[in-house]
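Participant: Residue-level listing of the chains:
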Amino acid sequence: MQTAESTASAVISHMEKLEENSAKFYQQLSEKYTQGKKMFLQFAQECRRNKLQVTRTYQETITDALEAGFTFKRLDLNKHKVETTLPDEASYRQALETAIQLEARAGELYREAAEASESLLATIPMALRRIAQDRDQRRLKLQSMLGGK
Amino acid sequence: MTLLEEPLKEPFSVRNYINGEWLEPTGQLAEITNPATCKTIGRVPISTSEDVEEAVEAAKNAYPEWRRTPPLARARCLFRLKELMEQHFEELSRIQTMEHGKTIDESRGETRRGIENVEVATGIPSLMMGQNLEDVASGIDEYLIRQPLGVFGIICPYNFPFMVPLWFAPYAVATGNCIVIKPSSEDPISQTKVAELVEEAGIPPGVWNIVNGGRDVVSSMLDSPDITGICFVGSTPVAKNVIYRRCGETGKRVIAQAGAKNFIVVMPDAHREKTIGACMTSFYGNAGQRCLSGANLLLVGQGQSEGERDAFYKRFSDAFAAAASKIRVGYGLDESVQMGPLRDAEKKQRVLKFIEKGVEEGAKLTLDGRNIHLTGDWPQTCFLNPTVFEDVTPDMAIGREEIFGPVANIMTAPNLDKAIEMIHSSRFGNAASIFTSNGKWAREFQYRVMCGNIGINIGINAPMAFFPFSGMKESFFGTLHGQGQEVIRFFTESKVVIQRWF
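In order, the protein sequence lines correspond to chains A and B.
Quick note on numbering: my numbering labels position 60 of the first sequence as 84, and the sequence is numbered without any gaps.
Quick note on numbering: my numbering labels position 135 of the second sequence as 142, and the sequence is numbered without any gaps.
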């Protein structure tokens with residue numbers, strides 16, 4: 025279990041897992057609900073791309089001189105556990121609601137992490153903010169499909 | 008606690024890599040131990056002078072052809088090496104954690120720094136260019152060309168088993184020289200892995216050789232008449248009394264980077280929280296086993312009344328000790344861990360002696376790292392927790408000598424002049440940092456402090472690969488430094504041609 029202060033490695037692993045699980049989630053949705061198939065497939069692909077982006081940004085930025093072990097002081101990963109499973113009998117509406125919730129929580133994680141990593145090289149917070157924005161866009165798109173609710 | 012998967016499942020057999028061949032060890036072997044688990048993770052040959060001679064001979068024979076290989080072709084070999092290192096990034100990093108003990112974040116940081124040196128060296132067609140001027144006299148042109156010199160020896164420390172050899176090796180090879188590397192016998196596995204990638208990258212046999220072992224290998228390299236220069240990183244006594252002296256006697260070029268006792272100066276206007284974050288990495292990163300680690304934390308009460316100064320000292324010292332006490336210590340493959348073990352039990356004993364000495368000398372032990380609390384159930388053999396001393400003075404052994412462990416000594420000074428005087432009382436001059444919001448103080452510090460690597464609001468002043476890794480006083484012996492343009496000059500001779508055509 026992660027403690028309240030997280031190392032860069034732990035945060036990045038958490039994000040990689042989140043993107044992996046999100047990709048699986050949208051892949052499942054695309055197979056189950058024909059209404060949003062194209063969009064869900066696109067989201068799944070974006071998640072896989074985000075995972076690569078997170079890994080790449082971390083590996084290309086980290087150096088022995090930065091405060092990697094002490095960067096994400098206020099980021100408690102326990103508070104950022106995101107639900108990426110859906111009951112078998114879930115309706116399309118319930119699926120959209122779960123997806124909206126997922127995007128909101130994920131966006132929150134990326135924004136908090138971006139803020140916490142300001143002291144690292146700029147590419148890390150920039151990349152995290154970009155992903156947070158993508159997640160926000162997706163959330164808006166999903167909400168519009170629920171009729172703006 | 009979840010551990011990242013260990014890349015070494017079986018004990019790893021380290022071999023010498025000479026003339027493009029992997030040689031089975033024939034003599035004595037030493038065990039390589041994971042300092043966190045105390046398990047044997049490999050065996051390394053303790054090579055002899057004959058092994059060194061064989062490697063030097065191979066390098067010498069490979070040199071004429073490698074030298075004639077166009078710089079662009081040599082650069083392409085390094086591009087391939089860089090790409091292979093990227094592909095093996097995670098494996099290389101986890102091996103460092105297993106063989107050295109550092110955390111996975113630290114190992115990945117080390118891998119990145121190493122790769123950066125390969126990247127910079129790929130620019131050799133530009134970096135190696137000379138100079139020219141036509142018409143230095145009527146109809147006479149003059150130009151300078153840089154030529155490689157032959158065979159270089161690279162002798163490496165245990166604290167950065169992957170990165171330090173790469174401060175030199177890519178540049179030596181890019182400029183057309185051939186090399187013999189002696190990794191630390193304590194953690195030689197990552198260099199073996201690098202040599203495997205060197206082979207895969209197509210660097211010809213004999214250009215890049217590895218000879219493992221101890222003092223005999225070092226002595227043989229120093230004595231070899233066919234080695235033109237030595238790059239060394241290690242302790243000051245060895246750098247000064249063995250490497251530098253012997254290179255002088257045998258006419259070798261030398262870069263000898265040595266010990267340190269780095270001061271971190273904190274002014275009253277420093278951003279407290281960010282400064283403490285930077286200090287935790289500086290003092291306790293790599294368990295304090297790096298030549299750029301903070302050692303003495305110097306709190307400066309410039310422009311304050313006595314009462315304000317005392318309050319500032321107390322506030323900062325308390326916050327520093329509180330942060331240090333929260334550092335999670337354990338096996339570096341546990342992602343939650345912030346500090347790993349010392350490299351071995353002997354090194355831990357050395358640090359313990361300094362802690363005892365500090366207590367005897369009257370320093371106030373505010374955080375005792377001998378009380379070991381670990382994240383995970385690991386043998387305590389090589390572990391220490393962070394230690395903090397207050398009321399330390401520069402003349403105390405703990406304030407004067409390089410401890411090379413997770414110990415912070417807090418000192419105080421009434422003003423910046425006194426602080427700089429205290430820094431200058433040290434025989435070392437590797438690095439010094441100032442934390443402040445005042446540009447004038449920062450500029451004054453940068454201008455006056457006699458240390459090779461200066462940090463302004465930075466705790467670990469590690470120069471990027473395109474800058475030299477500097478060092479002064481007893482922290483460096485030689486003229487040109489490792490990395491960047493300086494190391495290109497180190498590995499080449501300047502030849503000046505003046506020409507006239509009738």
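It should be emphasised that the hints constitute simulated quantities derived from the structure, not laboratory data.
Even glycine gets a Cβ: it sits at the ideal position worked out from N, Cα and C.
Be a bit skeptical, because a hint or two may be false.
[To be verified] In silico DSS-like pairs for lysine-lysine, Cα to Cα no more than 27 Å straight-line:
| id | chain 1 | residue 1 | chain 2 | residue 2 |
| --- | --- | --- | --- | --- |
| 1 | B | Lys89 | A | Lys103 |
| 2 | A | Lys61 | A | Lys103 |
| 3 | A | Lys41 | A | Lys56 |
| 4 | A | Lys103 | B | Lys247 |
| 5 | B | Lys259 | A | Lys105 |
| 6 | A | Lys48 | A | Lys103 |
| 7 | B | Lys321 | B | Lys333 |
| 8 | B | Lys46 | B | Lys360 |
| 9 | A | Lys41 | B | Lys16 |
| 10 | B | Lys67 | B | Lys16 |
| 11 | B | Lys247 | B | Lys259 |
| 12 | B | Lys281 | B | Lys333 |
| 13 | A | Lys103 | A | Lys62 |
| 14 | A | Lys75 | B | Lys89 |
[Said to hold, decoys possible] Partial chain A-side listing against chain B, Cβ under 10 Å, derived:
| id | residue |
| --- | --- |
| 15 | Ser33 |
| 16 | Val35 |
| 17 | Ser37 |
| 18 | Ala68 |
| 19 | Glu84 |
| 20 | Thr85 |
| 21 | Thr122 |
| 22 | Ser143 |
| 23 | Ala146 |
| 24 | Gln157 |
[Stated by the list, open to error] Sample of chain A residues with no beta-carbon within 10 Å of chain B, all distances over it, derived:
| id | residue |
| --- | --- |
| 25 | Ser30 |
| 26 | Thr31 |
| 27 | Ala32 |
| 28 | Ala34 |
| 29 | Lys48 |
| 30 | Glu55 |
| 31 | Lys62 |
| 32 | Arg72 |
| 33 | Gln83 |
| 34 | Ile86 |
| 35 | Thr87 |
| 36 | Ala114 |
| 37 | Ala128 |
| 38 | Arg135 |
| 39 | Thr147 |
Participant: Now, for every hint given, state plainly whether the structure supports it.
Facilitator: So, going through the hints one by one against the coordinates:
Restraint check: the Cα-Cα separation between B:Lys89 and A:Lys103 comes to about 38 Å, which exceeds 27 Å; the hinted pair is violated. Straight-line distance between C-alpha atoms of A:Lys61 and A:Lys103 comes to about 31 Å, which puts the hinted pair past the 27 Å bound. Simply put, A:Lys41 and A:Lys56 have alpha-carbon atoms about 23 Å apart, close enough for the 27 Å limit, and the pair holds. Proximity of A:Lys103 to B:Lys247 is assessed by CA-CA distance (about 53 Å); at most 27 Å being required, the pair is judged violated.
With a C-alpha separation of about 59 Å, the suggested pairing of B:Lys259 with A:Lys105 is violated against the 27 Å cut-off. Restraint check: the Cα-Cα separation between A:Lys48 and A:Lys103 comes to about 22 Å, which is no more than 27 Å; the hinted pair holds. Simply put, B:Lys321 and B:Lys333 have alpha-carbon atoms about 18 Å apart, close enough for the 27 Å limit, and the pair holds. Taking the CA atoms of B:Lys46 and B:Lys360, the gap is about 25 Å. The hint holds against a cut of 27 Å.
Among the hinted pairs, A:Lys41 with B:Lys16 is consistent with the structure: their alpha-carbon atoms are about 25 Å apart, no more than 27 Å. Restraint check: the Cα-Cα separation between B:Lys67 and B:Lys16 comes to about 37 Å, which exceeds 27 Å; the hinted pair is violated. A distance of roughly 14 Å separates the Cα atoms of B:Lys247 and B:Lys259; the hinted pair therefore holds under the 27 Å criterion. As the CA atoms of B:Lys281 and B:Lys333 are separated by approximately 16 Å, the hinted pair is consistent with the 27 Å bound.
At roughly 32 Å between alpha-carbon atoms, A:Lys103 and A:Lys62 are farther apart than 27 Å, so this suggested pair is violated. Using a Cα cut-off of 27 Å, the hinted pair A:Lys75 and B:Lys89 holds, with the two alpha carbons roughly 22 Å apart. For A:Ser33, the interface hint holds, since its Cβ comes within 10 Å of a Cβ in chain B; the closest pair sits about 4 Å apart. Restraint check, A:Val35 versus chain B: the minimum CB separation of about 9 Å is within 10 Å; hint holds.
Annotation: A:Ser37 was flagged as interfacial toward chain B, and the flag holds, the nearest CB pair being 6 Å apart, inside 10 Å. Interface hint at A:Ala68: violated, since its Cβ lies 24 Å from the closest Cβ of chain B, which is beyond the 10 Å cut-off. Restraint check, A:Glu84 versus chain B: the minimum CB separation of about 7 Å is within 10 Å; hint holds. At a threshold of 10 Å, the smallest CB-CB gap from A:Thr85 to chain B is about 8 Å, leaving the interface hint in force.
A distance limit of 10 Å between C-beta atoms decides the matter here; for A:Thr122 the minimum to chain B is near 26 Å, and the interface restraint is violated. Taken as an interface hint, A:Ser143 checks out: its beta carbon lies about 6 Å from the nearest beta carbon of chain B, inside 10 Å. The interface hint given for A:Ala146 is broken, as the beta carbon of that residue sits about 15 Å from the closest beta carbon of chain B, more than 10 Å. Because the smallest distance between the Cβ of A:Gln157 and any Cβ of chain B comes to about 26 Å, over 10 Å, the interface hint for this residue is violated.
With a closest Cβ-Cβ approach of about 7 Å to chain B, A:Ser30 is found to fall inside the 10 Å limit, against its non-interface label. Distance check for A:Thr31 against chain B: the nearest CB is about 6 Å away, which does not clear 10 Å, and the non-interface claim fails. In this structure A:Ala32 is not separated from chain B by more than 10 Å, as the shortest Cβ-Cβ distance comes to only about 5 Å. At the 10 Å boundary, the C-beta of A:Ala34 falls inside the reach of chain B, the nearest C-beta of that chain being 4 Å off.
Against chain B, the non-interface label of A:Lys48 holds: every CB pair exceeds 10 Å, the least being about 20 Å. Distance to chain B confirms A:Glu55 as a non-interface residue, since its nearest Cβ pair spans about 30 Å, more than 10 Å. Listed as a non-interface residue, A:Lys62 keeps its Cβ farther than 10 Å from every Cβ of chain B; the least gap is roughly 34 Å. In this structure A:Arg72 is separated from chain B by more than 10 Å, as the shortest Cβ-Cβ distance comes to about 18 Å.
Here A:Gln83 does not stay apart from chain B, with its beta-carbon only about 6 Å from theirs, under the 10 Å limit. At roughly 5 Å, the least C-beta separation between A:Ile86 and chain B is not larger than 10 Å, which violates its mark as non-interface. Separation of A:Thr87 from chain B is inadequate, the least Cβ-Cβ distance of about 5 Å not exceeding the 10 Å criterion. Under the 10 Å C-beta cut-off, the non-interface status given to A:Ala114 relative to chain B holds; the minimum distance is some 30 Å.
For A:Ala128, the non-interface assignment is confirmed: its Cβ lies about 26 Å from the closest Cβ of chain B, beyond the 10 Å cut-off. No beta-carbon of chain B is positioned within 10 Å of the beta-carbon of A:Arg135; the least distance is around 20 Å. Under the 10 Å C-beta cut-off, the non-interface status given to A:Thr147 relative to chain B holds; the minimum distance is some 12 Å.
Checked against the numbered hints given earlier, the structure breaks hints 1, 2, 4, 5, 10, 13, 18, 21, 23, 24, 25, 26, 27, 28, 33, 34 and 35 and satisfies all the rest.
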